[in-house]
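Top line first, the protein sequences correspond to chains X and H.
Following UniProt numbering, the numbering of the first sequence begins with 1 at its first residue and continues without gaps.
Following UniProt numbering, the numbering of the second sequence begins with 1 at its first residue and continues without gaps.
Treat each hint with caution, since some may be false.
[Said to hold, decoys possible] Now the in silico label distances, taken between C-beta atoms and shown as ranges:
(1) 233(X) to 348(H): 52 to 58 Å
(2) 348(H) to 62(X): 44 to 50 Å
(3) 366(X) to 111(H): 30 to 36 Å
[As the list claims (entries may be wrong)] Reference listing, derived: stretches of chain X covered by chain H, where coverage requires no fewer than 3 residues with Cβ under 8 Å from a Cβ of chain H:
(4) 14-23
(5) 217-224
Derived from the structure by calculation, the hints contain no laboratory data.
Owing to the predicted nature of the structure, the values given are computational and were not obtained by experimental measurement.
For glycine and all other residues, C-beta sits at the position ideal for the given N, C-alpha and C.
2 protein chains.
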Amino acid sequence: MQLKKKPVTGMKDILPREMEIRDYVIGLIKETYKEFGFTSMETPCVEHIENLTSKQGGDNEKLIFRILKRGEKLKINEAKEENDLVDSGLRYDLTVPLCRFYSNNANELPSPFKALQMGNVFRADRPQRGRFRQFMQCDIDILGDPTNLAEIDVILATSTLVGKLDFESFAIRINDRRFLKAMAAYSGFPEESYDQVFIILDKMDKIGLEGVAAELEGSGFAKEGIEKYIALFDAIGEGLDGVKYCKDKLEGFLEPDVADNMSTIIESVTEAKTANFRIIFDPTLVRGMSYYTGPIFEICIDGFSGSVGGGGRYDEMIGKFTGTPTPATGFSIGFERIVMLLMERGFQVPGSADKKAYLLDKKLSSEKLVEVVKKAGEERKAGKSVNIVYMKKNKKFQKEQLQSEGYEIIEEIYND
Amino acid sequence: MQLKKKPVTGMKDILPREMEIRDYVIGLIKETYKEFGFTSMETPCVEHIENLTSKQGGDNEKLIFRILKRGEKLKINEAKEENDLVDSGLRYDLTVPLCRFYSNNANELPSPFKALQMGNVFRADRPQRGRFRQFMQCDIDILGDPTNLAEIDVILATSTLVGKLDFESFAIRINDRRFLKAMAAYSGFPEESYDQVFIILDKMDKIGLEGVAAELEGSGFAKEGIEKYIALFDAIGEGLDGVKYCKDKLEGFLEPDVADNMSTIIESVTEAKTANFRIIFDPTLVRGMSYYTGPIFEICIDGFSGSVGGGGRYDEMIGKFTGTPTPATGFSIGFERIVMLLMERGFQVPGSADKKAYLLDKKLSSEKLVEVVKKAGEERKAGKSVNIVYMKKNKKFQKEQLQSEGYEIIEEIYND
Chain X
1 MQLKKKPVTG MKDILPREME IRDYVIGLIK ETYKEFGFTS METPCVEHIE NLTSKQGGDN
61 EKLIFRILKR GEKLKINEAK EENDLVDSGL RYDLTVPLCR FYSNNANELP SPFKALQMGN
121 VFRADRPQRG RFRQFMQCDI DILGDPTNLA EIDVILATST LVGKLDFESF AIRINDRRFL
181 KAMAAYSGFP EESYDQVFII LDKMDKIGLE GVAAELEGSG FAKEGIEKYI ALFDAIGEGL
241 DGVKYCKDKL EGFLEPDVAD NMSTIIESVT EAKTANFRII FDPTLVRGMS YYTGPIFEIC
301 IDGFSGSVGG GGRYDEMIGK FTGTPTPATG FSIGFERIVM LLMERGFQVP GSADKKAYLL
361 DKKLSSEKLV EVVKKAGEER KAGKSVNIVY MKKNKKFQKE QLQSEGYEII EEIYND
Chain H
1 MQLKKKPVTG MKDILPREME IRDYVIGLIK ETYKEFGFTS METPCVEHIE NLTSKQGGDN
61 EKLIFRILKR GEKLKINEAK EENDLVDSGL RYDLTVPLCR FYSNNANELP SPFKALQMGN
121 VFRADRPQRG RFRQFMQCDI DILGDPTNLA EIDVILATST LVGKLDFESF AIRINDRRFL
181 KAMAAYSGFP EESYDQVFII LDKMDKIGLE GVAAELEGSG FAKEGIEKYI ALFDAIGEGL
241 DGVKYCKDKL EGFLEPDVAD NMSTIIESVT EAKTANFRII FDPTLVRGMS YYTGPIFEIC
301 IDGFSGSVGG GGRYDEMIGK FTGTPTPATG FSIGFERIVM LLMERGFQVP GSADKKAYLL
361 DKKLSSEKLV EVVKKAGEER KAGKSVNIVY MKKNKKFQKE QLQSEGYEII EEIYND
């Protein structure tokens, strides 16, 4: 009976104060995406080990919690390596399960399928401050829509959500993998070095344009190309004019359609947005994952480094899994990061103020108790949260505690 | 790249139609318990293997999904048995994690602590129709309140919830472990045979009072005692009169306080209830788990055999885990069962009717697209769910599909 009190290494208990904010954000996410025609779906936390180790998960595949085979299938004596012992594992993201879900259920799903998936994912990562081995992920995906309506949809829905969370100002940065490639081609970088170039470019935020130039030079790229490359970034504006500049300048390297596509997205979002934010064309935006094939985007909040959500088009991934090519656009909300930011700024969940507590005398008659319970029922019907508790010896401390939980009205009840 | 399409054995993908109902029920649960002063909390899905195998989980401990140790800790060659390979497992219920949570965080929690915990639990059970190896559990617990206010609270809150779900009529059956014991003592059964007697009594629903008598006789109990026992059940009414009858009849076997306690609960719930249900004193109610120490209760819905939720007082369990005696009352909602019943009766989530879809001509100009997207934004602000999709070749089929998803208004958009 020696109970271990702490959670398993790297995981955490979530206390009421944080849960209130989490529940509020979850409710807001579901409500907002529903308004945009998204439907919720869910996959199990446990996934086939084969699916988790199919090379689509990158480094995350090193971080799998593996689950032991059960019963007769488990042969400890014969086992030589991990895979002899396991048949499944905890998912490290929601994308692999989404692909499996889609391939299993496509016949019963509308097309395009606009999915909202929220769920816990698990990574046996090195424990770090503020990063846990179980955390909530929240993915929005549109499967089966090859048009820019998908990008417009996920960007408008997600910005509407962030707007509702009272962040003072935020921005959506947008780019397109095909712009990135065209700019590299225009500058004369060899195609096989693109990934290397983009990894260096991705450090812009930290080392600046000059730092990027220096690192490219250090990697042995031709000076002339680097200068051409850097000059491009210097010249490009952050709105529709930037896109126009690219369309003209990169002629022969960039399909005009791709530029027009970007213009329509920026224009539609700017015209139709309901939240207060800017959409910024940012040709330095890379986003790490190599599976993106078209537009890519990120949400940044002023005063906070790093993004609180991002995504893009990945038209080739589902087909690799399912055998059926399926255009796809996704946006992943940084749920844990948003909750952390709200906690830090002492965010109050709207409507949580209307809380009342009854403090009962220990010797209250059962008639009087019935009376209070009845009255509380009526107040709840009228929309209040009502708590009923017995008085403790240290009434002063008890009242302070109730106040700290948000009970502004506290009524003491005695026998008459 | 051979993706396994089906979920892991015994687990399931949840499609949008079911998820809509699940999300609705989850929202209602959170809202209702919040009104009663409960706060949400969460524990990780992964728990120390020591805690999961501490003999508090009964048969569920045979059904644990065990998680392999990672890195240097995993020594396959030296392993002799399962426990050499694992350090944690997936939780099979929410009670063990609640006890650990409470012992870890009691200093930061109010007293009494009124907790709502919803989360997935995992059992490597034999796959059966309608039962899955991952399912949602939903537990309400009041820790630290020794009074019947705890029972009144959980019963009123839970009945309010069930009432909101439009079940035509339902009942709450209530009993008390101490009544069960007093009745057995009064009838002359020896104390060490109580558990055996209760197991037989628990079959009442299926075999009737006569069946219970026959089985008791078959087990070798004295005929006189059995007759006395059966006569008791025959004579007891289902309301306050039944409690009064027991108080008088069982004098010397039942503390009068225990009967008064039961009367106050029944009276308070009857007076203060906001939903349409009956609370029935049922001296044949046993509930399996041996850890109950006081009142026990179940919710039954007319026309459905089995309960959709149940619980009781378990004042001795937390102390066994934590070393600090803590009174506790809990109610577990049969979440999966409720969702199943709602699905079966074709339940429509309220407010889901207000859905509109725009069907766009494939050749729509980007100006016109911006116009539609803008209009949709305004309609969403006014509370509608609005979906925008491009027309497909088979427009008729596409419209039917949208209608089946609840889009009652479908507007086709072409260039003027």
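To see whether the hints hold, each was checked on the structure:
no. : hint                         : result
1   : 233(X) to 348(H): 52 to 58 Å : 54 Å, holds
2   : 348(H) to 62(X): 44 to 50 Å  : 46 Å, holds
3   : 366(X) to 111(H): 30 to 36 Å : 23 Å, violated
4   : 14-23                        : holds (count 7)
5   : 217-224                      : violated (count 0)
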